[in-house]
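**Student:** The residues making up each chain are set out below.
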Amino acid sequence: MSGSMAFLLWIKGPMFNIALAIFAIGLFARFAEIFLLGRKPNYAEPRAGEWLPGFKTMFTRSIADPGTFQRASFNVVVGWVWHLGFLIALLLFVPHVELMKGLFGIVWPALPNPVVDLITAITLIALVATLVHRLTHPVKQRISTFDDYLVWTVVFLVVLTGYLAYHRLVNPYPIALGMHILMAEIFLIILPFTKLTHIFTAFIARWYNGAAFGRKGVAS
Amino acid sequence: MSELTLERGLAAFRAEIDAPIAAFFSSCVHCGICAQSCPFYLETGDPKYTPILKLEPLRLVWEGEFTLWGRIKRTLGLQQKVTDEMLAEWEELLYDSCSMCGRCSLVCPVGNDLAYMIRKSREGMVQAGHAPEGLIAASVRAIQTGSPMGLQWKTLAVQIKHVEDSTSLTVPVDKTGVDYLVLLSSMEIINFPEYLEAITKIFDHAGVTWTLSTQCFEATNAGIQIGNKDIAAQLVERVVAAAEKLKVPNVISPECGHAYTAIRWEGPNLIGRPYPFRVFHIIEVLDTLRASGRLQTEGMESDRLSLHDPCNLARKSGVIQQQRNLMALVADNFVDLKEHGKFQWCCGAGGGVSSNERAEPLKLAAFKRKKAQIEEVAPERMVTMCATCRTQLEEGMEEFNMNIPVVGLTEMIADHLVEKEARS
Amino acid sequence: MIDRKTPNKTLGESLRDHGLSRRGFLKFCAATASMMALPPGMVPVIAAALEQARRPSVIWLSFQECTGCTESLTRSHAPALEDLILNLISLDYHHTLQAAAGDAAEDARLQAMEANTGQYLVIVDGSIPGPDSNPGFSTVAGRSNYEILMETVEHAAAVIAVGTCAAFGGLPQASPNPTGAMSVMDLVKDKPVINVSGCPPIPMVITGVLAHYLTFGRLPELDAYHRPLAFYGQSIHDRCYRRPFYDKGKFAETFDDEGAKLGWCLYRLGCKGPSTYNACATMRWNGGVSWPIESGHPCLGCSEPSFWDAGSFYQPLSVPLTATSGDLLTAAVGGAVVGAGVATLANKQIKTAVANRQPVTVEELEEKL
Chain A
1 MSGSMAFLLW IKGPMFNIAL AIFAIGLFAR FAEIFLLGRK PNYAEPRAGE WLPGFKTMFT
61 RSIADPGTFQ RASFNVVVGW VWHLGFLIAL LLFVPHVELM KGLFGIVWPA LPNPVVDLIT
121 AITLIALVAT LVHRLTHPVK QRISTFDDYL VWTVVFLVVL TGYLAYHRLV NPYPIALGMH
181 ILMAEIFLII LPFTKLTHIF TAFIARWYNG AAFGRKGVAS
Chain B
1001 MSELTLERGL AAFRAEIDAP IAAFFSSCVH CGICAQSCPF YLETGDPKYT PILKLEPLRL
1061 VWEGEFTLWG RIKRTLGLQQ KVTDEMLAEW EELLYDSCSM CGRCSLVCPV GNDLAYMIRK
1121 SREGMVQAGH APEGLIAASV RAIQTGSPMG LQWKTLAVQI KHVEDSTSLT VPVDKTGVDY
1181 LVLLSSMEII NFPEYLEAIT KIFDHAGVTW TLSTQCFEAT NAGIQIGNKD IAAQLVERVV
1241 AAAEKLKVPN VISPECGHAY TAIRWEGPNL IGRPYPFRVF HIIEVLDTLR ASGRLQTEGM
1301 ESDRLSLHDP CNLARKSGVI QQQRNLMALV ADNFVDLKEH GKFQWCCGAG GGVSSNERAE
1361 PLKLAAFKRK KAQIEEVAPE RMVTMCATCR TQLEEGMEEF NMNIPVVGLT EMIADHLVEK
1421 EARS
Chain C
2001 MIDRKTPNKT LGESLRDHGL SRRGFLKFCA ATASMMALPP GMVPVIAAAL EQARRPSVIW
2061 LSFQECTGCT ESLTRSHAPA LEDLILNLIS LDYHHTLQAA AGDAAEDARL QAMEANTGQY
2121 LVIVDGSIPG PDSNPGFSTV AGRSNYEILM ETVEHAAAVI AVGTCAAFGG LPQASPNPTG
2181 AMSVMDLVKD KPVINVSGCP PIPMVITGVL AHYLTFGRLP ELDAYHRPLA FYGQSIHDRC
2241 YRRPFYDKGK FAETFDDEGA KLGWCLYRLG CKGPSTYNAC ATMRWNGGVS WPIESGHPCL
2301 GCSEPSFWDA GSFYQPLSVP LTATSGDLLT AAVGGAVVGA GVATLANKQI KTAVANRQPV
2361 TVEELEEKL
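Protein chains in written order, with my numbering: chain A, 1 to 220; chain B, 1001 to 1424; chain C, 2001 to 2369.
Any given hint could be a false lead.
Below, a list of computed lysine-lysine pairs in the DSS-like style, where the Cα atoms sit at most 25 angstroms apart [as the list claims (entries may be wrong)]:
id	chain 1	residue 1	chain 2	residue 2
1	A	56	A	40
2	C	2348	A	101
3	B	1073	C	2348
4	A	101	C	2009
5	B	1081	C	2027
6	B	1154	B	1175
7	B	1120	C	2027
8	A	40	B	1120
9	C	2348	C	2368
10	B	1120	C	2248
11	C	2261	C	2250
12	B	1120	C	2368
13	C	2250	A	101
14	B	1368	B	1338
15	A	40	C	2027
16	B	1120	B	1175
17	B	1073	B	1175
18	B	1073	C	2351
19	B	1081	C	2368
20	C	2250	B	1081
21	C	2351	A	40
22	B	1368	B	1048
23	B	1081	B	1154
24	B	1081	B	1175
25	B	1175	B	1161
26	B	1073	B	1154
Just so you know, the hints here were simulated from the structure itself, not pulled from any lab data.
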């Protein structure tokens, strides 16, 4: 039996398992690659411990310092908007909450659909803005690689297909839903091998950063 | 005879990679915010000076050899290789346009410690033979003569004589069992001899026992600036040997930024063991004396003063409040620059840039950031506590015809000491 | 009897013979038009067409099925089954309904095929064990379903697959599909196939399709699954009276919570309405009395292919079919092992690099000056 429903069932079934496996294998491979390298012992007399400043920086680095905010306001604001929007849509949309419940058995409250809808629309606009910025800002132009545009495309398509599926703008619906889940699966598959790893490793990086500054007595 | 080669460079890159670096490169999203914290990019507008881009050689080694995907790409022949040409091109980026001020490390949204990685990259650059001539020459001089400027004890002995003549105090030399071993920097000895006079007065005033060492007076470390642990370790060992010989519990790093981070944070790791003594910057010592009431001052500076925090001292070592406490002691018209403390801007001369003649235009360009900051608060004088910063501020402001003198904080404190006779 | 096999009378004549008034006939035409979402202006057209139409011969084949589809059809309300059989079509063969048995029954099929070759309609309910399956899995008069189907459709004008089993394989085809069940569409490639899916399909849809065929002399417009768009063009979700609750984000979370009592959306209880295309929400069941969602149960998605294999009826549509957190954990452990391998290789390289490290000497540096 071929057709839209078969597509959806394949995407929700075997393909989801494949994506999840590649994601988990790749991500944990990366974790192992990071942590097993370890750090050399540090013999310099510390001013403060590492753990607390490290943990603090894991959170505080989300907020730009006033000077950076002033110099890169577009970067900071648009970055915040789309990251938050993406997270809200991912974690607080009813079908996604049900997905987590189905996978992990954990439930949390969701937001009303129209709210998620609005946030998704804003996220899409913000994502387009980041692309324009990447294509036009001299620094971003210079440092951008294929990886950056690939990741942008996948992230954008994940959100866009989700938006289209929610509004049932693609028919039949199993195709719309299947495309959305497929994009999410591609997202999972490329995550451990692209800069998307920062979703997890940024917190490790921030810890090391906070620990290094913290041990020298600087709140970072 | 052995020589510096690409292979040695690559091996050095490899040897420097650790868990933090893997986490950092895994996390970079190419947002470009590091550029907004780099005076070299901001003042030239050239995107090649974006800090994360300076780390590309190290990143390529990490990706190709330390990641699953990189290994797959390498097998398929898709992984870009680090070549000698690439390193030659990157020499300017890693040395001329980076003062290792660490501002990018503090603002990177994903928490990448870029300055840490620049320092590590330089290890590979030296081994590959791609370090700037100015820094190579300084390193050779430091090892061969004990001073990056080729200065010898006899020059310092002349200075000591001057100080003793003008203060009628004795400058202790090679005294064992005193509280502090005082180190100096060649630049101070030549350009700012006031410093030695100032600490002689202050320590006499506060009753601190201290000494200089004929075995090692130089605190600066050209090995740290060029980025080679062999050179750096030899220079640190000299300090440790002198301190151990004189059995001092404390060593004081002078008004010099990198000398302090070198001996305070990198030193023990370079020699692979903890010190049998503690290390302080002179400003830390002065603030401790102040806090315990051992500094009696009189009179206040009434002109508008502002402060330049050396990167190495503030952002990279957490000495921020101490200099402000000391300023409060002697200045009643003090105004901070808008972004100061850990968020201060580099003068543009640190990290070996000032020893690298080729980098002169970039050094001056980067200074424009500091210049703008100074103009914003329009002080009558600037105060700082690093000889390199001080030189850069003086030269820079002269270049731009700004009539703002620069003074060292230690001297300023010394000028306000209550005369011994006046104390009851 | 011969007359029944070759219906020469037009539908109009037949209706009048049965004493149906002109008024009653137009009423029937209006019902048909509204059912197929045709504009009211089409009523006279339908009336004129039906007046002149000849009752087609219909052969009804039942294979691997439960007779639920026939049960559904016999509960059809408008047009009523009596009208359908007696007036609309000439139902020449139907296991459950025909009086004849044994050879007589099979003869009736063969006669109808011969008399109306190229013009008769075949209705199939139930799936068929495929040509590669054991022919004994399902037989009629000692012959395999496959054989009978292929023989019967050879000279048919069109085939109507009634019910999800005939249309998509249905329950017999559900994993592990022990009989190798196939749908009509899988087997019949050279005739028009129209699928009237559902388990069972809405009875009015079956009659509606026949009425359309009679009125226009051709099959209605179909979707990608060969289903008549007039009935399967919109999803349950799009026409659901509980949709406003979905849009507002108000969901029943258990079958007896406050949300369930207030009639909120059943998405979180596993409703497949968003991905199910059928007319339940508009036509309802049992003469318009109610339909599953109205009675408080999520849509099972019975009119869609593979609906038995599409995960639990009570798992929301967004939940993956088979992946579990255990699989994720296994993969994570596997990944950690792979990563440990890469890291070990890397660490070895670091060790070698450190062990073979040549210290930089002043002489080497001077070489560069």
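**Student:** Of all the hints given earlier, name the ones this structure violates by number, lowest first.
**Tutor:** 2, 4, 5, 7, 9, 10, 15, 16, 17, 20, 23, 24 and 26
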